Amino acid sequence: MPLNTDFAGREYPPAGPFPITRQEVVDFAGAIGSTVEAHRDPQAAQTLGYADVVAPPTFAVRLAQRCEAQLVQDPEAGIDFSRVVHGEEGFTHHRPIVAGDVLTGVLHVDRMREAGGHGMVSTRVELSDEGGRPVTTVNSTIVVRGEG
Amino acid sequence: MSGPITYPEALSRTVTVDRSRLVAYADASGDQNPIHQDEEFARSVGLDDVIAHGMWTMGAALDVVTAYVGGDPGRILSCATRFTGMVVVPEGATVEVQVEGAVKKSDEAAGTQTLEISATCGGEKVLGRCQAVVRA
Chain A
1 MPLNTDFAGR EYPPAGPFPI TRQEVVDFAG AIGSTVEAHR DPQAAQTLGY
51 ADVVAPPTFA VRLAQRCEAQ LVQDPEAGID FSRVVHGEEG FTHHRPIVAG
101 DVLTGVLHVD RMREAGGHGM VSTRVELSDE GGRPVTTVNS TIVVRGEG
Chain B
1 MSGPITYPEA LSRTVTVDRS RLVAYADASG DQNPIHQDEE FARSVGLDDV
51 IAHGMWTMGA ALDVVTAYVG GDPGRILSCA TRFTGMVVVP EGATVEVQVE
101 GAVKKSDEAA GTQTLEISAT CGGEKVLGRC QAVVRA
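Quick note, the sequences are listed as chains A and B, same order.
Numbers 1 to 148, taken from the numbering used here, label the letters of the first sequence in order.
Numbers 1 to 136, taken from the numbering used here, label the letters of the second sequence in order.
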């Protein structure tokens with residue numbers, strides 16, 4: 001099933017809203033074995049000037065992957081999920097994510113191409129807060145392994 | 001005038017992962033791909049065994065950067081990596097990932113530092129070009 005490269009350049013309607021709870025930040029920090037108090041202890045976060053616990057720098061993947069599902073799960077896009085591996089990931093933090101935030105994400109399909117028998121799909125999710133201010137930009141490249 | 005405090009000693013750490021941690025990460029991240037939990041499924045798609053989520057490894061590795069900047073997550077301006085290797089997690093095993101970071105570049109005008117992070121498992125590099133830019 002070839003990639004539908006016509007999807008490149010596509011922008012999706014906002015996904016969400018994603019309310020960020022203290023528990024999900026604490027659970028994510030625990031799962032990555034974090035030792036950083038501001039991810040887990042509201043008082044430690046407040047000492048640093050934040051309203052509540054602050055998400056780890058890769059936490060936004062939890063939201064971005066829900067936005068990316070709009071593309072990955074679209075049969076028209078031609079992405080065979082059973083052959084997908086993660087190639088690259090990057091986060092630009094316009095400000096940290098804090099428990100209590102309510103975020104939405106807009107998915108952009110930046111590149112879709114076939115290379116060396118594999119498919120390469122680069123997406124960008126722009127997460128913003130309730131005021132429409134940018135919070136995190138998440139860049140992801142997945143590789144759809146070829147049959148050969 | 002000196003900027004915010006950094007803790008270079010925080011840039012070296014060993015993190016451990018076992019199957020229960022992968023279940024916790026799957027729940028915390030929402031990524032329930034069975035290659036991270038079910039060895040039969042993992043083998044059916046050509047893997048040797050269950051592997052850790054690449055994003056688990058990235059998250060665990062970057063935690064040293066947050067510790068380096070005094071535990072203030074807001075001082076991490078950006079971070080990125082390539083997924084170049086796999087952390088294989090057999091049933092009943094506790095697997096170690098060695099994380100080492102170093103300051104690669106300081107931009108005094110911008111007030112930032114670029115850190116390069118290496119993550120290895122069993123001597124094999126599992127992240128490539130893993131970098132973070134922090135407010136120094």
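No wet-lab data here; the hints were simulated from the structure.
A quick note: this is a predicted structure, and the numbers were derived from the prediction, not measured.
Among the hints, a few may not be true.
Partial list, derived from the structure: chain B residues whose beta carbon lies under 10 angstroms from chain A [stated by the list, open to error]:
#1 V23
#2 M58
#3 P73
#4 P90
Don't be surprised by glycine CBs; every beta carbon is placed ideally from N, CA and C.
Against the structure, the hints come out as follows:
1. V23: This hint holds: V23 of chain B lies near chain A, its Cβ roughly 9 angstroms from the closest one there, short of 10 angstroms.
2. M58: Check passed: Cβ of M58 of chain B comes within 5 angstroms of chain A, closer than 10 angstroms.
3. P73: At 4 angstroms from the nearest chain A Cβ, P73 of chain B passes the 10 angstroms test, so the hint holds.
4. P90: violated (19 angstroms)
Hint check: a violation occurs at hint 4 only; the rest are consistent with the structure.
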